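Could you build the full structure based on these sequences and the hints that come with them?
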Amino acid sequence: MGWLDVILGRSKPVRPNLDALFALPSAAVTLQAATGLAPTGVGSVSFRAAEGSAFATLSADVKALLGDRVEETRDEYGYSWLVVRRDPDAVGDLVTELHAVNSSLEGAGFGPSLLCSLVSFADPQQRRLAVVYLYKRGTFYPFVPLPGHTRDTALELQVRGVLAGELRIEEDLGRWFPVWGAPGL
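Just so you know, we're using the numbering used here here: the sequence shown kicks off at 1 and counts up by one.
Any given hint might turn out to be false.
What the hints assert, rightly or not - Okay, the calculated beta carbon distance ranges per label pair:
| id | residue 1 | residue 2 | range |
| --- | --- | --- | --- |
| 1 | SER26 | ALA60 | 30 to 38 Å |
| 2 | ALA54 | PRO88 | 28 to 36 Å |
| 3 | GLN125 | ALA49 | 31 to 39 Å |
Since the hints were derived computationally from the structure, they do not count as laboratory data.
Note that the structure is a prediction, hence the values are computed from the model and not measured.
Ideal placement from N, C-alpha and C gives every residue a C-beta, glycine not left out.
Take a look at the structure:
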């Protein structure tokens with residue numbers, strides 16, 4: 001970042017740290033102990049799909065690598081999701097596969113198309129939670145959807161407090177974007 005950037009108020013974007021995803025398994029234990037929300041075994045990676053044979057080949061390679069544990073879907077906003085399903089007790093394996101999907105997309109030059117990754121949780125009362133990793137910010141935040149496109153902000157703030165020592169939580173609440181219709185929620 002140069003002096004002109006400082007004068008004009010530009011900041012250097014945070015470089016994503018995909019290895020931060022590997023903190024999720026221990027954070028899942030903490031989250032379950034504090035709130036009763038347990039992993040569902042579903043995680044996903046959201047991205048803007050690109051056109052062309054290079055992207056199609058990469059997508060086919062990822063699907064071949066993960067087999068029937070992965071499926072591709074599109075949401076109502078036009079974003080693509082690669083959804084990975086594992087046993088709920090295999091959070092470490094789920095995170096490893098989400099990391100592989102993200103790394104494959106990034107390594108093939110599609111990093112700017114990556115939006116977020118999420119791991120889903122639920123409790124016996126059927127409350128749902130996603131711990132969302134913002135690729136471009138390198139931070140996490142909780143998202144708790146309720147019927148009617150509303151959110152349980154009280155639970156989101158509680159989860160933020162629980163996970164603050166485990167994950168790099170996004171400080172700007174304005175960036176806690178709702179991921180309505182995300183697979184697994």
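Going through the earlier hints one by one, which of them does the structure break, listed in rising order?
none
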